[in-house]
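Asker: Hey, can you work out the whole structure from these sequences and the hints?
So the protein lines, in turn, are chains A and B.
Be aware that the first sequence starts at 1, since it is given in UniProt numbering, and climbs by one per residue.
Be aware that the second sequence starts at 1, since it is given in UniProt numbering, and climbs by one per residue.
No lab work stands behind these hints: they were computed from the structure.
For every residue, glycine included, the Cβ atom is placed at its ideal position computed from N, Cα and C.
Misleading hints may appear alongside valid ones.
Derived DSSO-like pairs: lysine-lysine, alpha-carbon spacing no greater than 27 Å straight-line [to be verified]:
| no. | chain 1 | residue 1 | chain 2 | residue 2 |
| --- | --- | --- | --- | --- |
| 1 | A | Lys104 | B | Lys40 |
| 2 | A | Lys40 | B | Lys42 |
| 3 | B | Lys92 | B | Lys40 |
| 4 | B | Lys104 | A | Lys99 |
| 5 | A | Lys99 | B | Lys40 |
| 6 | A | Lys42 | B | Lys99 |
| 7 | A | Lys40 | A | Lys104 |
| 8 | B | Lys99 | B | Lys40 |
| 9 | A | Lys99 | A | Lys42 |
| 10 | A | Lys42 | A | Lys92 |
| 11 | A | Lys104 | B | Lys99 |
| 12 | B | Lys40 | A | Lys42 |
| 13 | A | Lys40 | B | Lys104 |
| 14 | B | Lys42 | A | Lys99 |
Some chain A residues well away from chain B (every beta-carbon gap over 10 Å; in silico) [unchecked claim]:
| no. | residue |
| --- | --- |
| 15 | Gly13 |
| 16 | Val23 |
| 17 | Ile44 |
| 18 | His64 |
| 19 | Asp65 |
| 20 | Met80 |
| 21 | Arg81 |
| 22 | Val87 |
| 23 | Arg93 |
| 24 | Asn128 |
| 25 | Arg191 |
| 26 | Gly192 |
| 27 | Val199 |
| 28 | Arg201 |
For each label pair, taking beta carbons as the anchor points, the in silico distance ranges come out as [unchecked claim]:
| no. | chain 1 | residue 1 | chain 2 | residue 2 | range |
| --- | --- | --- | --- | --- | --- |
| 29 | A | Tyr36 | B | Lys99 | 22 to 30 Å |
| 30 | B | Asp20 | A | Asn60 | 47 to 55 Å |
| 31 | A | Asn60 | B | Glu203 | 51 to 59 Å |
| 32 | A | Pro194 | B | Arg190 | 17 to 25 Å |
| 33 | A | Tyr36 | B | Ser109 | 21 to 29 Å |
| 34 | A | Gly132 | B | Glu205 | 37 to 45 Å |
2 protein chains.
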Amino acid sequence: MVTAAFELFAERGYEETTIDDIVRLAGVGRRSFFRYFPTKEKVIFPDHEQALADMVDYLNEGEHDPDPVGRACGAARMVMRMYAANVHYSVKRYALTRKVPALKAYELSVVWRYERALADYLIRRFANLPDGGARASVIAAGVVAAHNHGMRAWLRSGGRGEVAASVEPALDLVHRTWSEPEESVVLITRRGIPMWQIVQRIETELREGPA
Amino acid sequence: MVTAAFELFAERGYEETTIDDIVRLAGVGRRSFFRYFPTKEKVIFPDHEQALADMVDYLNEGEHDPDPVGRACGAARMVMRMYAANVHYSVKRYALTRKVPALKAYELSVVWRYERALADYLIRRFANLPDGGARASVIAAGVVAAHNHGMRAWLRSGGRGEVAASVEPALDLVHRTWSEPEESVVLITRRGIPMWQIVQRIETELREGPA
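Answerer: This is the structure:
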């Protein structure tokens, strides 16, 4: 059915193709079409419901991950792998989505749900920060934008090469930028001071923290 | 017409209200409705086409702004002020948009166009950076997410207080995080060195830049 749908959308256009056209070409009944695809747009998109459920599971298992931003990037990689698992359809779908407003609207609604799933996770992880809510929303949007930026570049190339080579540098930019740097202690001292005094000063510094 | 539309959407529901219902209650003709509002969703949203055009003008005028991320935040403030200019409708629209998938879809498509306008500007400004494209996409998404985060909080409160008090801290987080810090020079020296030697070393350092 998926092959038939892509074929017809390319030939006649998305809006002009009916579900009857698709089932006729695929040689299946209307009822089995609707069992798999509740709406016409779903026939050409991968299984976003499953991907969203998998992503939420993965995030829930990471409630104690010491690197929440890294976890959010990991969740985005799940979507990346889903697109990479079928290069041919992903490239065709990208071309079609750019032309058909209904498909673009569907895609935007899915992207928004991924973004909310990431933001919900980060809001929980940043619950102790005064700006945790804003930070979570902004980082979730950044992870999604980074993924989509890399993905678009790869799809525009016709899916040549590894998708990761395109997506990872963008995810890394977000990860680096939003990971709290470890707090550093700068200790300035003279040569010749006995080690026990240096150790004592470092201990005091670490215990008391920044002013 | 806008008042009539909000009234009917609240009473009967969005999907159940027809354009005929709206023009009848407002006492105008169908033709004047369509002159102002090409589609039903547009009757309750502010003039996004105008806002987008204004935003693009503002960004184009900032091709040499020394602070491109700040400029993008300024562009987001234009949307903020549009919502704040009519608190009553903005709060009603927010409640309605959360309930009606067609309105949510329309809103997502508009938000996406704002995000693209910001990204297009930042791509031009970051043309000389190796990761300029990814950086532009991520920052544009961050600015939009920050604006929307603050805006949602304000709308959920029923539009009480200043919208800026809710939006500005989130925009500031994005601005601070993505502004290139000025490169710093750390000069370590002994007391008692003559000033001309210090000046000479600083000059050398500034001219040669980091190793």
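Asker: A separate judgement is required for each hint: does it hold in the structure or not?
Answerer: Status of the hints after comparison with the structure:
Restraint check: the Cα-Cα separation between Lys104(A) and Lys40(B) comes to about 20 Å, which is no more than 27 Å; the hinted pair holds. Only pairs whose Cα atoms come within 27 Å are accepted, and Lys40(A) paired with Lys42(B) is accepted, the gap being roughly 25 Å. Taking the CA atoms of Lys92(B) and Lys40(B), the gap is about 16 Å. The hint holds against a cut of 27 Å. The straight-line distance between the Cα atoms of Lys104(B) and Lys99(A) is roughly 21 Å, inside the 27 Å bound, and the hint therefore holds.
The straight-line distance between the Cα atoms of Lys99(A) and Lys40(B) is roughly 23 Å, inside the 27 Å bound, and the hint therefore holds. Of the pairs offered as hints, the one joining Lys42(A) and Lys99(B) holds, with about 22 Å between alpha carbons and a cut-off of 27 Å not exceeded. Our distance criterion of 27 Å between C-alpha atoms is met by Lys40(A) and Lys104(A), whose separation comes to about 13 Å. Distance restraint check for Lys99(B) and Lys40(B): the Cα-Cα separation of roughly 16 Å lies within the 27 Å cut-off, and the hinted pair is therefore satisfied.
Taking the CA atoms of Lys99(A) and Lys42(A), the gap is about 16 Å. The hint holds against a cut of 27 Å. Restraint check: the Cα-Cα separation between Lys42(A) and Lys92(A) comes to about 14 Å, which is no more than 27 Å; the hinted pair holds. Taken as a hint, the Lys104(A) and Lys99(B) pair is honoured in the structure, with Cα atoms around 21 Å apart against an allowance of 27 Å. A hinted pair counts as satisfied when its Cα atoms are at most 27 Å apart, and Lys40(B) with Lys42(A) qualifies at roughly 25 Å.
Taking the CA atoms of Lys40(A) and Lys104(B), the gap is near 19 Å; set against the 27 Å cutoff, the hint holds. A distance of roughly 22 Å separates the Cα atoms of Lys42(B) and Lys99(A); the hinted pair therefore holds under the 27 Å criterion. Against the 10 Å criterion, Gly13(A) stays outside the reach of chain B, whose nearest CB is about 20 Å from its own CB. Here Val23(A) stays apart from chain B, with its beta-carbon at least about 26 Å from theirs, past the 10 Å limit.
Interface exclusion of Ile44(A) from chain B stands, the closest Cβ pair being 18 Å apart, more than 10 Å. With a closest Cβ-Cβ approach of about 25 Å to chain B, His64(A) is found to remain outside the 10 Å limit, as its non-interface label requires. Once the 10 Å rule is applied to beta carbons, Asp65(A) is consistent with being away from chain B; the minimum gap is 21 Å. Its beta-carbon lying about 14 Å from the closest one in chain B, Met80(A) satisfies the requirement of being farther than 10 Å from that chain.
Arg81(A), annotated as away from the interface, keeps every beta carbon of chain B farther than 10 Å; the closest lies near 19 Å. Val87(A), annotated as away from the interface, keeps every beta carbon of chain B farther than 10 Å; the closest lies near 21 Å. No beta-carbon of chain B comes within 10 Å of the beta-carbon of Arg93(A); the shortest separation is about 17 Å. Asn128(A), annotated as away from the interface, keeps every beta carbon of chain B farther than 10 Å; the closest lies near 16 Å.
Against chain B, the non-interface label of Arg191(A) holds: every CB pair exceeds 10 Å, the least being about 12 Å. Every Cβ of chain B is farther than 10 Å from the Cβ of Gly192(A); the closest lies at roughly 15 Å, confirming the non-interface assignment. With a least CB separation of 23 Å from chain B, Val199(A) remains clear of the 10 Å interface cut-off, as annotated. Against the 10 Å criterion, Arg201(A) stays outside the reach of chain B, whose nearest CB is about 18 Å from its own CB.
Checked against the hint of 22 to 30 Å, the pair Tyr36(A) and Lys99(B) passes, with Cβ atoms roughly 29 Å apart. Against the hinted window of 47 to 55 Å, the Cβ-Cβ separation of Asp20(B) and Asn60(A) comes to about 48 Å, which satisfies the hint. Remark: the range hint 51 to 59 Å for Asn60(A) to Glu203(B) is upheld by a beta-carbon distance near 57 Å. Restraint check, Pro194(A) to Arg190(B): a C-beta distance of roughly 22 Å satisfies the suggested window 17 to 25 Å.
The hint said 21 to 29 Å for the Cβ distance between Tyr36(A) and Ser109(B), and at roughly 27 Å that hint holds. At roughly 40 Å, the beta carbons of Gly132(A) and Glu205(B) sit within the given window of 37 to 45 Å.
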